[in-house]
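One line per chain: the protein sequences are A and B, in this order. According to the working numbering, the first sequence is numbered sequentially starting from 1. According to the working numbering, the second sequence is numbered sequentially starting from 1.
Hints are computed from structural coordinates only; laboratory data are not their basis. These figures come from a predicted structure and were not determined experimentally. Treat the hints with care, as some may be off.
Unchecked claim - Label-pair restraints from in silico Cβ distances:
no.: 1; chain 1: B; residue 1: GLY152; chain 2: A; residue 2: GLY190; range: 55 to 61 Å
no.: 2; chain 1: A; residue 1: ARG339; chain 2: B; residue 2: GLN367; range: 25 to 31 Å
no.: 3; chain 1: A; residue 1: GLN125; chain 2: B; residue 2: LYS75; range: 53 to 59 Å
no.: 4; chain 1: A; residue 1: TYR49; chain 2: B; residue 2: ALA158; range: 29 to 35 Å
no.: 5; chain 1: B; residue 1: PRO231; chain 2: A; residue 2: ARG113; range: 28 to 34 Å
no.: 6; chain 1: B; residue 1: ARG350; chain 2: A; residue 2: GLY364; range: 27 to 33 Å
no.: 7; chain 1: B; residue 1: GLU313; chain 2: A; residue 2: ARG339; range: 55 to 61 Å
no.: 8; chain 1: A; residue 1: GLU225; chain 2: B; residue 2: ARG85; range: 37 to 43 Å
no.: 9; chain 1: B; residue 1: ALA158; chain 2: A; residue 2: VAL235; range: 26 to 32 Å
no.: 10; chain 1: B; residue 1: TYR432; chain 2: A; residue 2: GLU225; range: 51 to 57 Å
no.: 11; chain 1: B; residue 1: ALA22; chain 2: A; residue 2: GLY100; range: 23 to 29 Å
no.: 12; chain 1: A; residue 1: ALA412; chain 2: B; residue 2: ARG85; range: 20 to 26 Å
no.: 13; chain 1: B; residue 1: ILE242; chain 2: A; residue 2: GLU261; range: 56 to 62 Å
no.: 14; chain 1: A; residue 1: PRO87; chain 2: B; residue 2: ILE242; range: 52 to 58 Å
What the hints assert, rightly or not - Calculated cross-link-like contacts (lysine-lysine; reagent style DSS-like; alpha-carbon spacing at most 27 Å):
no.: 15; chain 1: A; residue 1: LYS303; chain 2: B; residue 2: LYS302
no.: 16; chain 1: A; residue 1: LYS302; chain 2: B; residue 2: LYS302
no.: 17; chain 1: A; residue 1: LYS127; chain 2: A; residue 2: LYS23
no.: 18; chain 1: B; residue 1: LYS302; chain 2: A; residue 2: LYS23
no.: 19; chain 1: A; residue 1: LYS127; chain 2: A; residue 2: LYS75
no.: 20; chain 1: A; residue 1: LYS23; chain 2: B; residue 2: LYS505
no.: 21; chain 1: B; residue 1: LYS505; chain 2: B; residue 2: LYS466
Backbone N, C-alpha and C define an ideal beta-carbon position, used for all residues, glycine too.
Protein chains: 2
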Amino acid sequence: MPSSALAQQPTPPQPDLTRRLAKLTSILDVAKAMSAERDLDLLLPLILYEATKVVEADRCSLFILDRERNELWSKVAQGSKNEIRLPVGSGIAGQVAHTGTIINIPDAYADTRFNRSFDVSSGYQTKTILCVPMRDANGDVTGVIQALNKLGDLAFNAEDEELLLALGAQAAGAIENALLHEEINRLFEGFVSASVVAIEQRDPTTAGHSGRVADLTVSLAQALEHQSTGPYTQVRFSATEIQELRYASLLHDFGKVGVRENVLVKAEKLYPHELEVLRARFQLARKDLQLQSYRRRFEAVKKRGDSALAEIEAEETERLDTELKHLHEVFEFVLTCNRPTVLAQGGFERLTELGHLNFQDDAGQTQPLLLPREIQSLSIPRGTLSADERREIESHVEHTYRFLTQIPWTRALRRVPEIAYAHHEKLDGTGYPRAIPERTIPVQSRMMSISDIYDALTASDRPYKKAVPHTLALDILKKETQNGQLDPELFKIFVEAEIPRRALKHAPK
Amino acid sequence: MPSSALAQQPTPPQPDLTRRLAKLTSILDVAKAMSAERDLDLLLPLILYEATKVVEADRCSLFILDRERNELWSKVAQGSKNEIRLPVGSGIAGQVAHTGTIINIPDAYADTRFNRSFDVSSGYQTKTILCVPMRDANGDVTGVIQALNKLGDLAFNAEDEELLLALGAQAAGAIENALLHEEINRLFEGFVSASVVAIEQRDPTTAGHSGRVADLTVSLAQALEHQSTGPYTQVRFSATEIQELRYASLLHDFGKVGVRENVLVKAEKLYPHELEVLRARFQLARKDLQLQSYRRRFEAVKKRGDSALAEIEAEETERLDTELKHLHEVFEFVLTCNRPTVLAQGGFERLTELGHLNFQDDAGQTQPLLLPREIQSLSIPRGTLSADERREIESHVEHTYRFLTQIPWTRALRRVPEIAYAHHEKLDGTGYPRAIPERTIPVQSRMMSISDIYDALTASDRPYKKAVPHTLALDILKKETQNGQLDPELFKIFVEAEIPRRALKHAPK
């Protein structure tokens, strides 16, 4: 262990000792700062900055070992921006990673191991190089740190080696933590997305809806940053609040897993099998009319004798024709009523009258031709859902909330359930499920409402209605703000900042 | 910053400086070890051990600040085992947390701040106390470390204060990392469990199934530890492998979200609406028989004259009665066939004959009384599912696999998809979906198969079969091992280690 070795060396002259003490102390300070930094994109520059300082180099770079691919990769060689990948064993860094031994080169251009191509392409002039392995707590190499050009035209000395090794050891732990943190976050995020996709697949017309609502809502939240007037001037969302909003948006419809598919995708007022049963009843009624007709013929013969046969047949044939035509016309009317109605419409009063029509079933019992619940379904003034079915669809918000409150959210994400819970509330208190008043609806939920309605309108056709073009969707949203249902300020920003164009890959025009 | 202060002090005599350098170096070593330890239950003892060593104390304790409850909590006061909670502000530790200032007491019993009750109850004799705050990278207090009884009957000195502060600063970062790690893992785990519960609710008879399969399988895996003979003597699962197995088990049926509810909960061979349509067709056929009868009567009168009326009526009434009885009997037979059959049974040949029966529909067209697909459904020899429906149910494994492979599992959990994918495979190659041979079925999947079948058998009634008692379930599993489908060694351990009794709260008897 190099750092312990430091303590076992013969006592050096005192000024040297004091300087080492100061440097060790500063490494301790850096170790503390590093352990608190879990964002790799901030951690790596921090390490490089401190490494440069501690060994008094001109610049440093850091390579992380990818064991599976047996490569070193780097996001931040100081002075370069792209990710670099090197095979382990090749070049000075690759060799240090392979052997685990320090390489200290006092004169790069005199050393055969040095590859000038980087200098040639960058115009930088490498003079001295110190490259040390980073080791984890088990002593395994996890990367290398490389310092270039000791200041004052000196070579890197033994103390530099020890200090860079010590710093590298602390850095290794911090990098491992940051990578693990990133890994688990990616796992969580990936699981959330995949489960949302799986649930959306139950209703193909909503595929991708949750992701788009998340993109739109986050984009709207970010657009608030640029507001210098209006009620949302002071509202800013931190990175974790944006993440919270994103999860709330992604998961707002998760509760649809608790709604039956046939309700989710209901395309007409009667379910296909309900219509099939109704059709069969009309067939039975038709058969009944025929039977009645032949019964009457037989009875008429009994009464009027076989001389009246032709007359009876003519009378009854005409009557039966009229009755069958009427029945057919009623069925055609039922089919018309069964279609979804986008805008409220009347004409359903006749259904109530038709409720009085009867026929005799196969056992001779009088039965209504249209059942009360069929008349109720066919009379739905808008869309295809009965009151019960609408309640079932709307219950998805309660399911979502119950689901989300079961999850042990971290402190930073603790408002996810609350934000998602209010995405169908309206500012005028007419929303669901709680019909809460304006002041209790979080701004995040208000933004999500706008995104949710916009996407529901513009996304692909739904069974009960066609997709609506962008401008018409904005008109409809505008009406809802004028009705006092949606937040007019947020809607204004949604329009002015062109959120759909900004947030969606395939924004409708 | 105390550690920087250390460097700015006037130069002390050299032996002192060397000792400090050694101590700082050892703190750096500890910092590295701490940053690699993400399990709080291992990290805290490590910190205490090092703290005790660095300030040469008899023992140490560590308290973490719970900001929301404004309390300090401790899992490991050395010498005690339970979690202790203290209000911030009370006692020496509480005061340090409150003020952020060091308390160094050279003689506890002479100090009014000292509370003897702990000594009284434990029999320990506190002499000297050093209590320092732990601060995070922002400088906020996140806890305190308390050292008791400096060795050699000395008081803690200024150097001890500085070193304990420096150690505490490193510890603070490591503890924060460990807590965060725990928090995200809990979040992920909570999300997985809640989503599994949400999906299981679509089929109420399977509620809790996935959790029980996970408990059974993990318990079986752990029982392998104690095997000293047989093929699984060498097989041991690490903590992360157990976690991988648990996730694979929890998620093995996740793909059921892609199977339609009506198939999942199908209770008879025909769906209720199919039976309703079939019933309506029989009514129509009945009406048709009546109509035919009256038509014949009318035609007969035409031919034989009204003198034969009574005779015609008698003949036709008898014929109609016979025909209606036969139709009724056919429908009763259909109802019998419609019930689920647990064991394969015959008697369905008659259905094929009945397929030749016809009637005239309302338009006078000849129609079959039983449709080919109805005959096919009613002829299902076992259970209630048609071949297509069985394939749809079985497709859940493919859905599960597709879902799981979309998730960016961490390295430690990377085999989750593969393990879950094989849970319906059989050792004799007759399983699904891939019908892979024995040697390619992971041992984890083999264990899961046993748990899965055991729970499916013994858990609450399913629509198509009753719950089976424990011993009968074992008999059925035994038969499957004898058929060469399940792993006999694993089944032996499942029985001998009494896995169900061990793993399940409400184990069936």
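ask   = If you check the beta carbons of ALA158/B and VAL235/A, does the distance land in 26 to 32 Å?
value = For VAL235/A against ALA158/B, whose Cβ atoms are near 49 Å apart, the range 26 to 32 Å is violated.
ask   = Given the hinted pair LYS302/B and LYS23/A, is their alpha-carbon gap at most 27 Å?
value = 123 Å, violated
ask   = Going straight from one Cα to the other, do LYS127/A and LYS75/A come out at no more than 27 Å?
value = OK: LYS127/A and LYS75/A at ~23 Å, within 27 Å.
Pair hint outcome, LYS23/A versus LYS505/B [Cα-Cα no greater than 27 Å] = 58 Å, violated
query = Does 23 to 29 Å hold as the CB distance between ALA22/B and GLY100/A, or does it fail?
reply = 25 Å, holds
query = Is the hinted pair LYS302/A and LYS302/B satisfied, with a Cα-Cα distance of at most 27 Å?
reply = With a Cα-Cα distance of about 12 Å, the restraint between LYS302/A and LYS302/B holds, given a limit of 27 Å.
key: GLY152/B versus GLY190/A beta-carbon gap, inside 55 to 61 Å or not   = 56 Å, holds
query = Is 28 to 34 Å right for how far apart the beta carbons of PRO231/B and ARG113/A are?
reply = 52 Å, violated
message = Hinted pair, alpha-carbon criterion (27 Å max): LYS303/A, LYS302/B. Please report holds or violated.
response = 14 Å, holds
inquiry  = Is 27 to 33 Å respected by the C-beta to C-beta distance linking ARG350/B and GLY364/A?
reply    = Hint holds: Cβ distance 29 Å, inside 27 to 33 Å.
ask   = So does ARG339/A sit 25 to 31 Å from GLN367/B, Cβ to Cβ?
value = 28 Å, holds
ask   = Between GLN125/A and LYS75/B, is the Cβ distance one that fits in 53 to 59 Å?
value = 56 Å, holds
Checked against the numbered hints given earlier, the structure breaks hints 5, 7, 9, 13, 14, 18 and 20 and satisfies all the rest.
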